[in-house]
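Trainee: Modelling step: build the complete structure from the supplied sequences, incorporating the hints.
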Amino acid sequence: MVRRVAVIGAGVGGLVSVKCCLDEGLDPICFESSEDIGGIWRYTVSVRVSVYRSIITNTSKEMSCFSDFPYPEDFPSYLPHSLVLEYFRMYAQHFDLLRHIRFQTTVLSVSKRPDFTTSGQWEVVTETGSVRESHVFDAVMVCTGHYQEPYLPLASFPGTESRFKGQHLHSREYKDVEAFRGKRVLVVGIGNTGGDLSVELSRVAAKVFLSTRSNTWVISRVSDHGFPCDMVSTTRFNHFLDWLLPSALTRRIRFRKFNSWFNHTNYGLASSKSSKFKIIINEELPFCLLSGTVVLKPNVKEFTENSAVFEDGTTEENIDVVLFATGYNFSFPFLEESVRSIIDDNRSLYKCVFPPQLEKPTLAIIGLIQLTGSIMVGSEMQARWVTGVFAGWNKLPPPNRMMADVLKRKNPSERENLKMSFISYTDEIAACAGVKPSVLRLLLTDPQLALAVFFGPCSPYQFRLVGRGKWSGARAAILTQWQRTLKPLRSRVVDDNSDSRPPSPLLSQSFLPKTLARPTVG
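Okay, so the sequence shown: first residue is 1 according to the UniProt record's numbering, each after it adds one.
Since the hints were derived computationally from the structure, they do not count as laboratory data. Quantities reported herein were computed from a predicted structural model and do not represent experimental measurements. Do not rely on the hints blindly, as some may be mistaken.
Heads up, simulated DMTMM-like pairs for lysine to aspartate or glutamate below, C-alpha to C-alpha not over 25 Å straight-line [as the list claims (entries may be wrong)]: (1) K395 to D405; (2) K278 to E73; (3) K470 to D27; (4) K470 to D405; (5) K470 to E73; (6) K297 to D320; (7) K395 to D23; (8) K278 to E317; (9) K175 to D36; (10) K165 to D312; (11) K408 to E359; (12) K410 to E149; (13) K410 to E336; (14) K165 to D27; (15) K207 to D312; (16) K278 to E428; (17) K276 to E336; (18) K297 to E317; (19) K257 to E283; (20) K165 to E316; (21) K487 to D224; (22) K112 to D345.
Now the in silico label distances, taken between C-beta atoms and shown as ranges [unchecked claim]: (23) D36 to N259: 42 to 48 Å; (24) R492 to L245: 38 to 44 Å; (25) D224 to S424: 23 to 29 Å; (26) R468 to T314: 57 to 63 Å; (27) V204 to V131: 42 to 48 Å; (28) R468 to S271: 43 to 49 Å; (29) N259 to V136: 55 to 61 Å; (30) E133 to V493: 54 to 60 Å; (31) P397 to L245: 30 to 36 Å; (32) R256 to D312: 25 to 31 Å; (33) S82 to A206: 29 to 35 Å; (34) D36 to S331: 19 to 25 Å; (35) S260 to N192: 19 to 25 Å.
From the three backbone atoms N, C-alpha and C, an ideal C-beta is built for every residue, glycine too.
Mentor: Structure below.
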């Protein structure tokens with residue numbers, strides 16, 4: 001039976017893994033190479049991977065919190081990195097996690113014990129300062145995430161290293177705007193990071209060009225009537241419609257909604273005829289394009305000494321800096337080669353977590369996912385399922401069935417392989433862990449809650465209503481989530497009889513707090 005668990009990394013995945021181990025009566029030891037918790041959310045100007053200074057979350061607090069620990073109600077819906085880190089500290093303190101973490105300790109190697117086929121145990125070698133230690137663990141949870149090694153495909157952009165005289169760097173090296181003041185900057189890649197950095201640089205740079213090869217739809221964090229976009233759109237009702245309606249129809253509806261804000265074709269961003277596209281969140285990019293402070297360009301064909309030549313034949317001269325916002329590769333250099341070689345990407349893992357080829361399921365990869373919602377929620381759900389497996393409550397299928405599942409899911413979709421539907425994936429893992437809520441059962445026992453669960457936001461609290469780890473505060477958290485959303489906006493209250501409920505004709509007045517229907521005047 002598993003007792004001692006090594007947790008590698010004290011970011012989001014590491015914190016929830018330690019907490020879930022404790023919930024299941026396991027004995028976790030977390031190894032963190034830096035001096036503090038937080039992972040990439042702990043901003044630093046050092047070479048360690050971290051967020052940039054100005055970052056704001058693109059998922060709202062109610063949709064990205066830990067499922068049994070809501071954000072403080074006075075925190076804004078979208079958060080700077082400092083408040084996210086403060087929340088992590090509150091979580092770690094509340095559940096007494098810090099005493100299980102060994103800081104400034106690097107994991108050098110994780111290898112199978114000689115009797116692994118029967119014991120499932122691992123030997124973990126760590127280094128603290130100049131002192132090396134060897135430990136034996138019954139299981140290992142790898143929580144280093146996928147923001148590890150910069151993906152820098154310079155071979156796709158001839159001349160970057162051989163001819164271009166300016167500076168080129170990966171977005172990992174970006175911390176703030178000062179180094180780019182007065183310069184002509186080309187940003188390559190239009191994901192969320194590329195969009196954010198283009199907007200920020202446009203305030204100080206002489207000119208910003210944004211190069212993309214993708215059809216990209218841009219949406220705002222602020223949805224109809226001013227509510228957070230993800231709280232309005234990420235619902236079980238919408239998820240059901242996506243499943244029910246033909247994909248061509250749902251795509252047409254979605255594109256029409258996107259274009260109701262601004263016509264993406266006019267801006268050169270996306271065409272409704274395209275079947276391949278990406279969605280980014282950025283309120284300011286359309287205005288930057290409209291005002292000319294950011295200029296959209298097609299994919300780069302090549303670089304000359306001081307210019308960029310694009311695939312449409314146009315050229316931009318006097319480029320000072322090229323900033324590649326091209327994402328990351330993951331790597332697990334500490335895993336022994338026989339294990340590392342079987343993890344090509346998250347599609348090589350059963351449910352994106354367990355390597356199915358291992359004789360014993362005592363190694364789990366946490367957080368190697370990108371969801372259409374919060375990775376924090378997905379990582380916590382993985383950790384709950386994994387620790388349930390380690391504790392003997394949750395059972396895995398035989399290896400041959402896990403391998404069949406892995407092979408069925410594999411498809412050659414290049415770098416988008418990490419992206420998955422938030423509700424589909426969290427529901428799938430919740431079902432494995434025995435904590436997925438049943439809307440039909442709730443409809444019979446608690447109709448008010450059932451309507452909130454189905455038509456309201458699919459917030460993390462839903463996964464604390466039933467099963468192991470059930471939280472007594474989950475129902476109240478669901479029914480008061482709109483109150484917590486509006487609370488930080490009540491710094492100045494005006495007298496108005498307009499309806500401030502969330503914008504859906506299907507939302508029932510019965511499960512929305514009355515303070516939303518008629519704001520208190522003060």
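Trainee: Hints numbered earlier in the text: which of these fail when held up against the supplied structure?
Mentor: 2, 4, 8, 14, 17
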